[in-house]
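A.B. asks: Mind docking chain W on chain G? Use the hints.
2 protein chains.
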Amino acid sequence: MNYTFADRMQGMESSAIRELLKVAQDPEVIAFSAGNPAPESFPIHEMAEISASIFQEQGAKALQYGISEGYPELRRLSEERLKNRYGIGRDFDQLIIVSGGQQGMELSTKILTNEGDTVICENPSFIGSMNAFRSYGLKLRGVEMDEEGILPEALEAIAASDPKVRFLYTIPTFQNPSGRTMTLERRKAVLEIAKKYDFLIVEDNPYGDLRYEGEDVAPIKSLDEEGRVIYVGSYSKVLAPGIRMGFVSAHKDLIAKMVIAKQVSDVHTNQFFMILAAEYLKRYNLDDHVQEVRKLYKHKLDLMAGAIREHFPAEVIFHKPQGGLFLWCSLPEGYDALELCRRSGEAKVSIVPGRVFEIDAKLVSGTFRMNFSTPSEEAIQRGVKILGGVIRKYLDECRPL
Amino acid sequence: MNYTFADRMQGMESSAIRELLKVAQDPEVIAFSAGNPAPESFPIHEMAEISASIFQEQGAKALQYGISEGYPELRRLSEERLKNRYGIGRDFDQLIIVSGGQQGMELSTKILTNEGDTVICENPSFIGSMNAFRSYGLKLRGVEMDEEGILPEALEAIAASDPKVRFLYTIPTFQNPSGRTMTLERRKAVLEIAKKYDFLIVEDNPYGDLRYEGEDVAPIKSLDEEGRVIYVGSYSKVLAPGIRMGFVSAHKDLIAKMVIAKQVSDVHTNQFFMILAAEYLKRYNLDDHVQEVRKLYKHKLDLMAGAIREHFPAEVIFHKPQGGLFLWCSLPEGYDALELCRRSGEAKVSIVPGRVFEIDAKLVSGTFRMNFSTPSEEAIQRGVKILGGVIRKYLDECRPL
Numbered sequence: 032m033n034y035t036f037a038d039r040m041q042g043m044e045s046s047a048i049r050e051l052l053k054v055a056q057d058p059e060v061i062a063f064s065a066g067n068p069a070p071e072s073f074p075i076h077e078m079a080e081i082s083a084s085i086f087q088e089q090g091a092k093a094l095q096y097g098i099s100e101g102y103p104e105l106r107r108l109s110e111e112r113l114k115n116r117y118g119i120g121r122d123f124d125q126l127i128i129v130s131g132g133q134q135g136m137e138l139s140t141k142i143l144t145n146e147g148d149t150v151i152c153e154n155p156s157f158i159g160s161m162n163a164f165r166s167y168g169l170k171l172r173g174v175e176m177d178e179e180g181i182l183p184e185a186l187e188a189i190a191a192s193d194p195k196v197r198f199l200y201t202i203p204t205f206q207n208p209s210g211r212t213m214t215l216e217r218r219k220a221v222l223e224i225a226k227k228y229d230f231l232i233v234e235d236n237p238y239g240d241l242r243y244e245g246e247d248v249a250p251i252k253s254l255d256e257e258g259r260v261i262y263v264g265s266y267s268k269v270l271a272p273g274i275r276m277g278f279v280s281a282h283k284d285l286i287a288k289m290v291i292a293k294q295v296s297d298v299h300t301n302q303f304f305m306i307l308a309a310e311y312l313k314r315y316n317l318d319d320h321v322q323e324v325r326k327l328y329k330h331k332l333d334l335m336a337g338a339i340r341e342h343f344p345a346e347v348i349f350h351k352p353q354g355g356l357f358l359w360c361s362l363p364e365g366y367d368a369l370e371l372c373r374r375s376g377e378a379k380v381s382i383v384p385g386r387v388f389e390i391d392a393k394l395v396s397g398t399f400r401m402n403f404s405t406p407s408e409e410a411i412q413r414g415v416k417i418l419g420g421v422i423r424k425y426l427d428e429c430r431p432l
Numbered sequence: 032m033n034y035t036f037a038d039r040m041q042g043m044e045s046s047a048i049r050e051l052l053k054v055a056q057d058p059e060v061i062a063f064s065a066g067n068p069a070p071e072s073f074p075i076h077e078m079a080e081i082s083a084s085i086f087q088e089q090g091a092k093a094l095q096y097g098i099s100e101g102y103p104e105l106r107r108l109s110e111e112r113l114k115n116r117y118g119i120g121r122d123f124d125q126l127i128i129v130s131g132g133q134q135g136m137e138l139s140t141k142i143l144t145n146e147g148d149t150v151i152c153e154n155p156s157f158i159g160s161m162n163a164f165r166s167y168g169l170k171l172r173g174v175e176m177d178e179e180g181i182l183p184e185a186l187e188a189i190a191a192s193d194p195k196v197r198f199l200y201t202i203p204t205f206q207n208p209s210g211r212t213m214t215l216e217r218r219k220a221v222l223e224i225a226k227k228y229d230f231l232i233v234e235d236n237p238y239g240d241l242r243y244e245g246e247d248v249a250p251i252k253s254l255d256e257e258g259r260v261i262y263v264g265s266y267s268k269v270l271a272p273g274i275r276m277g278f279v280s281a282h283k284d285l286i287a288k289m290v291i292a293k294q295v296s297d298v299h300t301n302q303f304f305m306i307l308a309a310e311y312l313k314r315y316n317l318d319d320h321v322q323e324v325r326k327l328y329k330h331k332l333d334l335m336a337g338a339i340r341e342h343f344p345a346e347v348i349f350h351k352p353q354g355g356l357f358l359w360c361s362l363p364e365g366y367d368a369l370e371l372c373r374r375s376g377e378a379k380v381s382i383v384p385g386r387v388f389e390i391d392a393k394l395v396s397g398t399f400r401m402n403f404s405t406p407s408e409e410a411i412q413r414g415v416k417i418l419g420g421v422i423r424k425y426l427d428e429c430r431p432l
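Protein chains in written order, with the numbering used here: chain G, 32 to 432; chain W, 32 to 432.
Any given hint might turn out to be false.
One copy or any two copies: either way a pair holds, since identical chains are not told apart in the list.
In silico lysine-lysine, DSBU-like type, Cα no more than 30 Å apart, as pairs [stated by the list, open to error]: (1) K92 with K379; (2) K92 with K416; (3) K393 with K283; (4) K227 with K283.
Bear in mind the hints are in silico, worked out from the structure with no lab data behind them.
Chain G on its own, in the form it takes in the complex (with noise of 0.2 Å):
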């Protein structure tokens, strides 16, 4: 049978770029190309203990149906920690459970865009999210960062200049692909552009406990003082990714709404692992756990920059970030990413190139990401020296385009 699909999912695929991290599939590959947390970041025993404890006590109920809004401990506990960690949650807000951060964007872009609204994403930004955008037919329009995050003109420019901007999408701390941090001067001067041309904010916030050095960057949520700012959080990267927890903090006028697109998406999160996570949390302090985390990171982290630094050319520029999972390197102007991506899977190494995360991912781009968080210590020392001598094969081989 020959098949007619929605329009919205026209342009949710890139198969040339699926085709290519494909290579990260092969066992004998190196793959940088990943984002996973480290699975010996698990707290496997606690989680363990805490099933036991589960079944033995309420497995009907945590095998039972739930609520939409998901397990009210859970939701008290993850409000208390956005309180204390983060100083989020006014008394207009309220907290959604879903099935992982992604779920955040989902539901977000569900309630509040119709088919032809705009949502203004950094440029780069996180294929997950603009993919979710696009689903719900949304045009994405870029806006430009620098080192310390989206350029307020910028912003400003597309907001003036298209009345349909519905939110912003954002990852302020350790941004995925590009590992920036946002300022706290250019995170409120983006709250009051929002505020100025009255769109809302989505803040994706799944590294800010991952940070290996320097300060805490307020959340833009913290300093929302009307209900303008959606904040996701994840489980995913401080316990597991493959229980797929997070949730949504905002407006209860919004998370209401969110309720209700949840309740017809997958009724609930998954019941079981909402009250595993809160009796971990109740248990455990997950900040002494997140050390934990932290310090296995950093590590990895400088392990690789350290070897980019020996094996790289010098002329591959690359911020070491503060925190997150990402490095984010740039080839010399006039070389092609995508090509690099090719010749580095040949010699069993995968990275990601730049341009899948770009809004128009045809153009020519120079950038790649590199991740630290998967890889084993000897993979990340093998893997980064085999790409720098793939680097500098490809910067003697080919003259820039």
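C.D. replies: Okay, now just chain W, sitting in the frame of chain G:
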């Protein structure tokens, strides 16, 4: 702040009814309004054992990101059972694991429909699915049924008059809320009409395993030789609902699109429980467990049907279904089940007025739905007796509208 919500969010709430159903949250209320599986049917002990062994043997894998298609072993075992149990699965078919059957409806809608398209639903139908369709701006058209299921001439009349029909949504076996099962002849007729007018069929079969008497009727999907039927299955009623685990079997071109849509929705279903469900299917014979569940529910159904015969006035019509979770009753012509529902709530027994399940919920209707899987035996007997008294009083006091 005042928010402007997406057009699609209109008409997804029926707040009067929501308020009415809140009575069921009162622990003193006997809830015949739910649709929850009986907690005593969950294989808690077996799941606890499997859970412990997963944490011990493959904890890191079970807590890590997985693929959007679902855990391969669970896909394979689900396909195997579909084939053996229902004769479903041709060469062109594939299977995706979803976070409960509800997500199967959501993804089907997302990949197939544009705003303003039409979906045909049995009238009455399952409110969760209808709201999923509404949430994509679809027009719902209800097709009439009798005790043998959808009336083919009614279906053809709609299809012939509306070129925007994208699919028919049907629960052919132990339909929610009516409890009806479509005959094989009708299933064949429905499939022929779908071919003639070139629309797809989304076949939702959460209750297919819950047959307490009579013979199985072949799913429409098993008759589908060309990939016209999307089959949505669920582990909610045979394992447990809180784990949010279901699957969709459909032509591989459809599944490929669903994988993309799922990626932006929740990335993948809870990895730990996908592995747990696969292990359950490997270690145990699900059909043995289903036999136990059937025994439990048959007993509760018999009990409720007997109590209704004893306590309800003879004017109340009900058909005892051969399976599923629900009994469907009708007050005499001119009486309103919404009013009955209010009165029974005051008497601490909750039922669901039929109009909740009608395409046009504003129409007065004397139908109401009763669930027998959730309440205890004692609650069934006591609740039906109370309800019988409330009905008698309502019929005595009030003339028909």
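A.B. asks: Does each hint fit the structure? Answer for all of them.
C.D. replies: Now the hints, each set against the structure:
Taking CA atoms no more than 30 Å apart as the test, K92 paired with K379 passes between copies only; the shortest distance there is 23 Å, against 47 Å inside one copy. Taking the shortest alpha-carbon separations for K92 and K416, only the inter-copy value of 28 Å comes in at or below 30 Å, while the best intra-copy value is 52 Å. Within a single copy, K393 and K283 get their C-alpha atoms only as close as 40 Å, which misses the 30 Å cut-off; across copies the closest is 28 Å, which meets it. In the homo-oligomer, the alpha carbons of K227 and K283 lie at most 30 Å apart inside one protomer (22 Å), although the nearest pairing across protomers, at 48 Å, exceeds that limit.
No hint from the list above goes unmet by this structure.
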